[in-house]
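Undergrad: For reference, the chains in residue letters:
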Amino acid sequence: MIPKEKLMEMYEKMVRIRRFEEKAVELFLKGALPGFLHSSIGQEAVSVGACAALREDDYMISTHRGHGDIIAKGARVDLMMAELFAKKTGYCKGKGGSMHIADLDLGILGATGIVGAGLPIINGAALACQLKGTDQVSLCFFGDGASNTGSFHEALNMASIWNLPVIFVCQNNLYAESTPQWVHQKIQDISVRAQGYGIPGVSVDGNNVLTVYRATSEAVERARGKGGPTLIECKTYRWLGHYVGDPGTAYRTKEEVEQWKSRDPVKQYRANLLANGVCEEKDLDAIDRRLEREIEEAVEFARNSPDPDPEDALQDVYIGEYIP
Amino acid sequence: MAKLNMVEAINLALREEMERDDRIVVLGEDVGKEGGVFRVTDGLQAKFGKDRVIDTPLAETGIVGTAFGMAVYGLRPIAEIQFEGFIFPCLDQINNHIGRIRNRSRGRFTCPLVIRSPYGGGIHAPEHHSDSPEAILAHIPGIKVVIPSTPYEAKGLLISSIRDPDPVIFFEPKRIYRAIREEVPEGEYSIPLGKARLVQEGKDVTVIAWGAMVREALNAAEQLKADKIDVEVIDLRTISPIDSETIAASIRKTGRGVIVHEAAKTCGLGAEIIALINEKALLSLQAPIERVTGFDIPVPLPKTEHYYLPNPKRIALAVKKVMSF
Ligand SMILES: Cc1ncc(C[n+]2csc(CCOP(=O)(O)OP(=O)(O)O)c2C)c(N)n1
Ligand SMILES: [Mg+2]
Numbered sequence: 376m377i378p379k380e381k382l383m384e385m386y387e388k389m390v391r392i393r394r395f396e397e398k399a400v401e402l403f404l405k406g407a408l409p410g411f412l413h414s415s416i417g418q419e420a421v422s423v424g425a426c427a428a429l430r431e432d433d434y435m436i437s438t439h440r441g442h443g444d445i446i447a448k449g450a451r452v453d454l455m456m457a458e459l460f461a462k463k464t465g466y467c468k469g470k471g472g473s474m475h476i477a478d479l480d481l482g483i484l485g486a487t488g489i490v491g492a493g494l495p496i497i498n499g500a501a502l503a504c505q506l507k508g509t510d511q512v513s514l515c516f517f518g519d520g521a522s523n524t525g526s527f528h529e530a531l532n533m534a535s536i537w538n539l540p541v542i543f544v545c546q547n548n549l550y551a552e553s554t555p556q557w558v559h560q561k562i563q564d565i566s567v568r569a570q571g572y573g574i575p576g577v578s579v580d581g582n583n584v585l586t587v588y589r590a591t592s593e594a595v596e597r598a599r600g601k602g603g604p605t606l607i608e609c610k611t612y613r614w615l616g617h618y619v620g621d622p623g624t625a626y627r628t629k630e631e632v633e634q635w636k637s638r639d640p641v642k643q644y645r646a647n648l649l650a651n652g653v654c655e656e657k658d659l660d661a662i663d664r665r666l667e668r669e670i671e672e673a674v675e676f677a678r679n680s681p682d683p684d685p686e687d688a689l690q691d692v693y694i695g696e697y698i699p
Numbered sequence: 045m046a047k048l049n050m051v052e053a054i055n056l057a058l059r060e061e062m063e064r065d066d067r068i069v070v071l072g073e074d075v076g077k078e079g080g081v082f083r084v085t086d087g088l089q090a091k092f093g094k095d096r097v098i099d100t101p102l103a104e105t106g107i108v109g110t111a112f113g114m115a116v117y118g119l120r121p122i123a124e125i126q127f128e129g130f131i132f133p134c135l136d137q138i139n140n141h142i143g144r145i146r147n148r149s150r151g152r153f154t155c156p157l158v159i160r161s162p163y164g165g166g167i168h169a170p171e172h173h174s175d176s177p178e179a180i181l182a183h184i185p186g187i188k189v190v191i192p193s194t195p196y197e198a199k200g201l202l203i204s205s206i207r208d209p210d211p212v213i214f215f216e217p218k219r220i221y222r223a224i225r226e227e228v229p230e231g232e233y234s235i236p237l238g239k240a241r242l243v244q245e246g247k248d249v250t251v252i253a254w255g256a257m258v259r260e261a262l263n264a265a266e267q268l269k270a271d272k273i274d275v276e277v278i279d280l281r282t283i284s285p286i287d288s289e290t291i292a293a294s295i296r297k298t299g300r301g302v303i304v305h306e307a308a309k310t311c312g313l314g315a316e317i318i319a320l321i322n323e324k325a326l327l328s329l330q331a332p333i334e335r336v337t338g339f340d341i342p343v344p345l346p347k348t349e350h351y352y353l354p355n356p357k358r359i360a361l362a363v364k365k366v367m368s369f
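From first to last, the protein sequence lines stand for chains A and B.
Residues 376 to 699, numbered by the numbering used here, are exactly what the first sequence covers, in order.
Residues 45 to 369, numbered by the numbering used here, are exactly what the second sequence covers, in order.
Okay, chain B solo, but in the shape it has when bound:
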C-alpha cells in the first residue's frame, strides 16, 4: 500500500471519484494546468479534460454561485477556494443560497456540492491565509463542515463528502498537507460524515480536537504519560453536524474534558461543544471543561504565530488544570 501525504490522498480521492462518476466537475482558480496552489488537483485536467477541470477567473462569488447552480441541476461540482480567507467574498452564496435551497424549495431541490479550501495557520502565511473560520461556517444551517486530520482520513472523508447529497465545506489543514505520510489504500473506502473518531483511548480526561490540532493533542497525551495521566483523544472529523454522542460517552467515562482549536476563543466551536456536554453529560463532570484556542485577535504574522497556535505544552497545562480541579 502506498504511503501518501494529505495532498496526494486528496488528489487520489478526486481522481477515483471522477473516474467513477462523470457528473463530478472540479472548478476554481488555477486548478487546471497548474494543479492548484498546493497542487491538490495536479494532473486532473490532463486526465479528465477541460470540461471536467475548469480554470475559472478570479471571482469567488462566481465560482461558488456557479457550483451551486450546477449542483441543483444535476452535476456534482467540487469548487476550490485557494485559501480560507477568500471564502468570505462568497459567503453570500454559501449562507444565503446554498445552505437554504433545500429548505426554501421545501425538500424538492438537493445541492450535492463540495467546497474545498485549505485552512488554518502554521505555514507562516500572512493575514487572510491563516484563518480558521470553521465555526462561522458551522453556524450556517443546511451545510456540513468536514475537517480531516490525516491523509487516510482525508481520502475517506472526501469520498463521503462528494457522495453526500447535501452541500459540504471541506477544510484541509494546510499545515499538515505534507507533514504526515501514512498508508492510504487505493480504491474506495469511506468514512461516514457526522461520526467522530476515537483516536486514542484513555480513562482520565478527554481531549477533543480536529484538523491539525489532533496531532498536537496526541503529542500532549504522550507528554502527559510522564505525569501518569491517561488521555483519551477524540478527532471530531465533522464539525457540523457534531457527533455529540461520542463526545458525551467519553465525558461520561472520564468526567473531564479539554477542547483544542486554532480559531479565536469567543464564539468558537469549543463553546458549542461545552454546551452539548452540559446538555448530555453534566452530572458526570468532575471539572469545568477547559478550552485551548487561538486568541481573540486577527491571526498574527509568523514571528508571533507560534504563540497564537495551541501547542502540546498549552494543551498539557490545560489537562493538568482540569485534573487538579
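If we strip away everything but chain A, and leave its shape as in the complex, we get:
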C-alpha cells in the first residue's frame, strides 16, 4: 500500500511539471527565453514515478529534456525559471540554461548537452557511494536515442561487473529527434539490452506513474541491498516537437500523437485517484490552483531578477581568482 500522502505528492509533482513546461513553452514562443528548450510534456509519469522511489540524498542525472526529472527530484521552480531566463538568480547563475540545471543539495547532479554522457557519470557517483560505504543509490535518465551510444554500453557493463547501486531509467518516447525507434534500432524493448550485461531489465508503461514507481522501487531496493544495477525502460511519448520550434509533424502522424495524448499521464492518474477514493475532486482542484499560482510567482521572480554581469562570465572557470 502506498500511503495517501505519497500518492498526493506524486499528483502534485506531475501537475507542477505540466504547468512549468506549458509556461516555459509559452514564454519561449514569445521570445522571452534565450537558448534552446526541449519540452517533456507527456512524459511526467516517468520522471515522477522514478524519482518518487528515491530518497532525497540519492543521486540523479537527467537529460536535455530534464525539467520534469529535476522537478520530480524536488527542484524549486523559481530558481529553475530564473535559469531559463538566464538570470543571475538561476540555479546555475544563468550560465547553465535549460539543459544543465543542477542542485547538489537535492542530489541533482545535472544534465549534459551530450546525449549519453550521463550514464558513465552516474556510475561514478554510485561507485563513490559504494566505496564510502553509504547506502545511497544513483539513478540516470536517458532516452531511446542515447541507448545507441557507446557510453550506454560501456556504462551498463561497468555497473554490472562492479555491482553498482544504479538504476538506469530509459525514457523511450519512440523518437530520437526525428528518427523513429524502428529506424535507429532493431529491438522494440530496450530492456532486453540488460541481458547482454547480466543485469535485470524490465519494460513498463511509462504513462502510468504507479507502474513506474513500483518498478523503480523494486530496483532501488535491490540496489540498496547490494543487489546491483537495473535497467528500466518506460514507454512514453513527447507530445511536442523535439525542441520548441519543431512542429514534430514531419515525422509523426497526427493519429499517433492524438492516440498518445488520449493516454495523458496526468489525467489518467487524476482519474485513478478519484476512482479509488483516495481524495475528492476539490482536493485535486485546490492543488491545481496552488500550482498555477506557484508557476506565476516563479515567472515573476525570474523576470524581476538581474541579468548576470559581463564579468560573471569569467567566474567559476577555476577555483579561486582567475584573470584571463
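For the record, the hints were derived by calculation from the structure and aren't laboratory data.
Be careful, since some hints might not be right.
[As the list claims (entries may be wrong)] Simulated DEER-style distance windows between Cβ atoms:
#1 B:Gly-93 - A:Glu-397: 39 to 45 Å
#2 B:Ala-90 - A:Lys-629: 37 to 43 Å
#3 A:Gly-406 - B:Lys-364: 35 to 41 Å
#4 B:Ala-90 - A:Glu-593: 43 to 49 Å
#5 B:Arg-150 - A:Ile-536: 37 to 43 Å
#6 B:Ala-90 - A:Gln-570: 36 to 42 Å
#7 A:Lys-405 - B:Ala-90: 52 to 58 Å
#8 B:Glu-230 - A:Ile-536: 55 to 61 Å
[What the hints assert, rightly or not] Incomplete in silico selection of chain A near chain B, CB under 8 Å:
#9 Ala-407
#10 Gly-410
#11 Ala-551
C-beta: ideal position from N, C-alpha, C; glycine also.
The hints should help you fit chain B with the ligands onto chain A, whose structure is shown.
TA: Chain B with the ligands alone, transformed into the frame defined by chain A:
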C-alpha cells in the same frame, strides 16, 4: 543567377556533387527525411534514396568510424555532426585513425571523406552548441580544416573538400547560415583548398579572420575609414593547411596585423599565425600583432555571449592599438 544563403549553397553543392559522383554517400543523425537540424541536407534523401543519404543512430563515433571505413574502401562519405560539440565523442576516430591512415599505411591508403559540422556562437545556443574548436582539429596532422565565410565561398570550398583525396573537416559558421544572401552560380566551380582570399585591399594594417568573423572584420574596416585607416582583410578559408604566403605577403606590405577568432585565446589559431608571421616577415613588422578572440572560458550563455564574441568595436580598438604602437 540565384541569390542563395549558406544553407542553400551547401545544399546545392551536395546535390550537384552527388549527381556527378555516385560514390558520394551522406550520413548522419536526422539527415534524411528531416534534412538535418539546420535543413542543410533537405531533399537529398528524396532525390538520391536511402542508400545514399543514410539516417544513422545517435552515435558519433559510429558515424565517423563508418565514414572512415567507407572512404578507405572506395566511397566518398560526407558525414554530418549536428553541432561541433558532438565532435568530441568521435575525436578518437578523427585523431587516432582518420588523420593517420595515410601515413600508417605508408601512402597506400587514401581517406577522401568530409565531416561537416555547424560551429561557432552567435545563435544564443547553450554549451556544446556554440564552441569554436577549429584549432584543436587543425592541430591534428593528416586532416584538413576548411571554414567558409559566405554562401559563394561555401559552395566552392565544399566542392573542393569533397574532391580532395584527404580527409577534410568542414566547419560551417552557423551564425551566418541564413544571414547573408549572394549570387551563387549553378554548376561547378571550385575554390582551391589552402589558399586564403584577399577580401579587401588596404595599405595600413592586415586583419586576418575566417568564418563568421570575416563579416565582423569588414564592418570594422568600414568604421575605420572615418579614422583614415586603410584596412586589408584576409579570409583564411582553410585553417589547415594555412596559406602562410598570402599572410606574409600582406604583412610585408602593411607591417601591422590583427587576428580575429571566436575561439578562446590560449593556444588558439592566432598564436600559430603570429609564429608564422615571425618566421616569414619579422623584419617587416612595425608593431606586435594583436589578437581579438573569445576569452579562456567555456562559451557562456546568451546574456553574455555578445561580450564574448569579437565584434567590430573590439576589432577597431585592436587596429588602433597596432596603428599607434
Ligand atoms: C552526442 C550528441 N549527439 C547528438 C546530439 C543532438 N541531439 C540532442 S537530443 C537528440 C535526440 C536524443 O534522443 P533521445 O535520447 O531519444 O532523447 P529524447 O530527445 O527523445 O528525449 C539529439 C540527436 C547531442 N545533443 N549529443
Ligand atoms: Mg527519444
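Undergrad: Hints broken by the structure, by number, lowest first?
TA: The structure breaks hints 2, 7 and 9; every other hint is satisfied.
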